[in-house]
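Participant: The lines below spell out each chain.
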Amino acid sequence: MKKKGVGMSCVLHPTGNKGAGDPSQAAIQLKPDGTFTLVTGAVDLGQGSSTILRQFAADELGVPIENITVNNSAGNAAPVTMGSFASRVTLIDPHAVKLAAEDLKAQICKWAAAQFGVNPDDVTFADNKVAVKNDPAKSLTMAEVGAGVFNSPALMIGTGAWYPAPFTAHDPETGAMPSVGAVSFGACYLELEVDTETGVVDILKLVQAWEVGKAVNPLMCKMQIGGGLSIGLGYALSEECWPHAPSMDFVPEVLGDYFIPTFADYPLENERAVAEVPHPMGVKGAKGFSEGSSTAPIPAIIAALHDALGVWITEIPVTPEVILRALGARG
Amino acid sequence: MKDVGYFAPSEIGETLKLLADYGAQATVLAGGTDLVPKINCYELKPENLLYIGRLGLDYIKEKDGKLVLGAATSTAQIAANELVQKKATALAQAAYRSGGAATKTIATVGGNVANASPGADLACALLAMDAEIALASVRGTRSVAIKDFFTGRGETVRRPDELLLEIHIPIPKGKTVFWKLGRRKAKTLSVANTSVHLLMDGKKCVEARIALGAMAPTLLRCTQAEALIKGQTLDITAAEECAARAVADSAPIDDQRASAWYRKKAGQALVVCALAQAADINN
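Top to bottom, those sequences are chains F and U. This note's numbering puts the first residue of the first sequence at 1, with every later residue one more than the last. This note's numbering puts the first residue of the second sequence at 332, with every later residue one more than the last.
Hints may contain errors.
Unchecked claim - Here are the simulated DMTMM-like cross-link-like pairs (lysine to aspartate or glutamate), alpha carbons at most 25 Å apart as the crow flies: (1) U/K504 x U/E571; (2) F/K3 x U/E571; (3) U/K595 x F/D195; (4) U/K369 x F/D249.
Rather than coming from a laboratory, the hints here were simulated on the basis of the structure. The structure presented is a predicted model; accordingly, all values stated were derived computationally and were not measured.
Can you build the whole structure from these sequences, using the hints too?
Facilitator: Okay, here's the thing in structure tokens:
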């Protein structure tokens, strides 16, 4: 018999470190054609951190995003950041990028001021060009600046480094978590159908929403929620990491025995939503969240199974076998 | 590691001669989706590989009331073939659900049968259709009913010098269905599978064949369960009794995918679903 259930969950996800120290460095170099290379130690492992940092660099420099190239594979030569973990890149690394952009802008304005014969304070840097404040006819495009710098004894690399406020302990009285940089909040609602004879679960509809501070790239936020769901579904329903019935002989040894979800396991209807409450620690209010989207579906699935079957299941993954055993124990 | 001999003949005669010469020292390679993982995991160390993908054995045709499948016909071809979809529906369903696109593109129906996995999806459907396996050797050809073909896990009556050449399916008179349970909804081996052929006269079952997979060392034909419903009115109660009988004869094992306990429970539910669908029973 197929039974339907609905479930909801509210979760939080800490993003960025303080206690462990979370240094961040970045460098932006002006190239001879007037475009820029942003060098960062933040590794893009598919989550899109290069795009996010490129957006921040373009924004701070006031140049088209196409004019920024990201190099995140410079190895030894790269400025250091702590890495791509703890959903930290969007919260922490834009600070270093912003400072590097400001440094580079000051260097370019100083160089341009000498060309114009004015004070650096009288040079504006906007719309991908430099100009004299009270005499806008006197201007140089960034391509002209790049070429000019290249043909003079100058190398322009703006650098930035940032380190968040030091660690203070978790406060059990208030629940404040100052040891982490920021906290993001997520919620999940879902409807499922479970077959009481085979234990097979079908997620029919799933909505997941996250409060992300500032959606620096709204499309990527939604894609990340989708990716997190994929991990969460496996975590909740199929990915077995330790031995189960009946013995150690059946620990998965090859990927063929380790069941990550496929598209066919995805909900038929899948909505993703993003809410913005600017975070005081982030540049423009941005913070990380994405890893949290793998956790929210799990308690919602457990709650929906309880709604459908009347039993609380207290282990994951909830394989079809776990469901049948739980129903059997209830009698 | 020693070198492995590799032969890729383009003629059947030459292939049979190689099999006659090498016998058990030759391992037949078609799509390789079962064989190559075994080699990679050192479960199997073949002396010689004999590739049969160049023999033109990929065809599906209708002849004398039978569907004839060349052994090297890919599961993707079978899943997409209109003749199979229409006349041997369960086989098309089994092929469709047998794996992901990459696997189905190279996996072959002959390999699915010859590998003799107890949970083979296509072989399960073929068992419910009473298919015949055509084996060829330099000594001639012979035909074996699929219910007599499997002798154990990975073991068949194929002799070392024989090539599985074709599969002949008497076009089913009734409705055929295939159901499987995996650990996820696609790209999954069967935790349990079943295929049912039912010829109905109204609510009465005239002819029944039930195959059950991943529930014993070989695929099972559930003849005692079939006898329960043959000539009888088939309602949901009868279907449930029949399914219980089918599973009672099984002897599944515990493995990475599920326990024997689960297989028995879920396998029974699966047979009920298949019977209900094949007989158009609404609960």
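Participant: Determine for every hint whether it applies to the structure shown.
Facilitator: The hints, checked one at a time:
1. Using a Cα cut-off of 25 Å, the hinted pair U/K504 and U/E571 holds, with the two alpha carbons roughly 24 Å apart.
2. The suggested pairing of F/K3 with U/E571 holds, with an alpha-carbon distance near 20 Å, which does not exceed 25 Å.
3. Under the criterion of a C-alpha separation no larger than 25 Å, the hint pairing U/K595 with F/D195 is consistent with the structure, at around 15 Å.
4. Of the supplied pair hints, the one linking U/K369 and F/D249 holds, its CA atoms being roughly 18 Å apart against a limit of 25 Å.
Of the hints listed earlier, there is not a single one the structure fails to meet.
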